[in-house]
Amino acid sequence: MFKYKITRGDILVIIITLLLAVVCIPLLLIASKDTGKYFEISYFSSDNVHYETYRLDVDNSYTVSNNGYTLTVKVENSTVYVENSTCEDQICVHTNPITKPGTSIICAPAGIEIKIISDNKGDSDADGVAG
Amino acid sequence: MQMVLQDKHNMLYRLVLDAMLVSVALILSYIESFIPLSFLYIVPGLKLGLANIPVVFAVYNLSVRDGIAVAAMKIALTALLFGSPVSFLFSLMGTVFSLTIMISLKKFFTKKKLTFIGVSCICAAFFNIGQLTAAAFIFKSLSPLFYLPSLIIGGAIFGILCGVLLNLTSALLQNRRCFRQFKH
Numbered sequence: 001m002f003k004y005k006i007t008r009g010d011i012l013v014i015i016i017t018l019l020l021a022v023v024c025i026p027l028l029l030i031a032s033k034d035t036g037k038y039f040e041i042s043y044f045s046s047d048n049v050h051y052e053t054y055r056l057d058v059d060n061s062y063t064v065s066n067n068g069y070t071l072t073v074k075v076e077n078s079t080v081y082v083e084n085s086t087c088e089d090q091i092c093v094h095t096n097p098i099t100k101p102g103t104s105i106i107c108a109p110a111g112i113e114i115k116i117i118s119d120n121k122g123d124s125d126a127d128g129v130a131g
Numbered sequence: 001m002q003m004v005l006q007d008k009h010n011m012l013y014r015l016v017l018d019a020m021l022v023s024v025a026l027i028l029s030y031i032e033s034f035i036p037l038s039f040l041y042i043v044p045g046l047k048l049g050l051a052n053i054p055v056v057f058a059v060y061n062l063s064v065r066d067g068i069a070v071a072a073m074k075i076a077l078t079a080l081l082f083g084s085p086v087s088f089l090f091s092l093m094g095t096v097f098s099l100t101i102m103i104s105l106k107k108f109f110t111k112k113k114l115t116f117i118g119v120s121c122i123c124a125a126f127f128n129i130g131q132l133t134a135a136a137f138i139f140k141s142l143s144p145l146f147y148l149p150s151l152i153i154g155g156a157i158f159g160i161l162c163g164v165l166l167n168l169t170s171a172l173l174q175n176r177r178c179f180r181q182f183k184h
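For the protein sequence lines, the chains are G and C, in the order given.
Every letter in the first sequence is one number past the one before it in my numbering, and letter 55, counting from 1, is 55.
Every letter in the second sequence is one number past the one before it in my numbering, and letter 79, counting from 1, is 79.
Read the hints as simulated data drawn from the structure, not as lab findings.
List of simulated lysine-lysine pairs, BS3-like, C-alpha gap at most 30 Å:
| hint | chain 1 | residue 1 | chain 2 | residue 2 |
| --- | --- | --- | --- | --- |
| 1 | C | Lys106 | C | Lys47 |
| 2 | C | Lys47 | G | Lys5 |
| 3 | G | Lys100 | C | Lys140 |
| 4 | C | Lys140 | G | Lys33 |
| 5 | G | Lys100 | C | Lys47 |
| 6 | C | Lys47 | C | Lys113 |
| 7 | C | Lys113 | G | Lys5 |
| 8 | G | Lys74 | C | Lys47 |
| 9 | G | Lys37 | C | Lys140 |
| 10 | C | Lys47 | C | Lys112 |
| 11 | C | Lys107 | G | Lys5 |
| 12 | C | Lys140 | G | Lys74 |
| 13 | G | Lys100 | G | Lys37 |
| 14 | C | Lys111 | G | Lys5 |
Could you build the full structure based on these sequences and the hints that come with them?
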């Protein structure tokens with residue numbers, strides 16, 4: 001009844017896809033081994049990206065909003081996670097807490113990225129605006 | 001005159017088929033939002049990709065033009081109904097990446113060297129690459145790319161599942177009269 005069966009080409013393409021993943025493994029090195037001291041929240045709007053930097057070593061809870069969505073970002077034991085969000089997909093809420101510089105949490109509907117940065121980056125002053 | 005009428009009839013036929021596929025894509029994307037994949041903490045944002053089934057179906061069983069039309073309508077309507085400007089940009093970039101690979105693999109498919117399993121697998125991987133590239137560009141940071149290896153593997157697994165579904169549906173539908181007319 002079903003005409004199509006898996007072909008040798010399919011297996012080749014699947015292997016190529018897996019090789020692609022292997023090639024991308026060095027990207028995991030984006031996350032450094034040490035613990036970050038600060039985290040940066042980027043807000044995307046139609047004309048620019050706006051950054052805010054906060055301390056990671058102080059437990060706190062922040063309420064941030066962008067594009068009409070509100071996120072509660074929680075800092076606990078040097079890890080950051082999104083406690084709750086008003087967005088539909090809740091991907092940000094279900095992302096693992098982050099702690100290493102280079103790792104991030106993204107909320108696409110709100111246009112918000114939360115990213116850990118290492119202390120030696122030098123842009124630790126709050127409310128820095130980039131064009 | 002007969003020719004003109006025939007062309008118009010074909011255009012209308014195509015329009016109806018494409019519109020039907022777009023609505024199937026929207027329904028699947030709605031159903032997909034109910035399937036919880038949140039337990040997969042290491043691959044945030046991974047989706048089953050069911051909504052891309054009609055796009056692959058249109059590119060391979062109708063024509064590349066129909067496929068692009070279905071994909072464009074799907075991302076525009078999904079963004080209007082359930083999304084935001086940023087999620088629109090994410091899915092636009094993902095769709096551009098996956099359509100490029102989908103169209104370039106079509107000749108291997110018509111020569112029966114590939115089935116939907118391979119096509120869907122690599123398309124899902126490219127969709128995720130496109131999405132994360134968009135995220136990296138939008139937020140001007142490399143951090144989103146950290147999730148690339150896990151999303152490629154996750155996408156490939158669900159892509160294979162969608163490919164199996166496509167093989168089954170395509171085998172059932174391709175001999176129907178309405179699809180037989182638009183083989184190229």
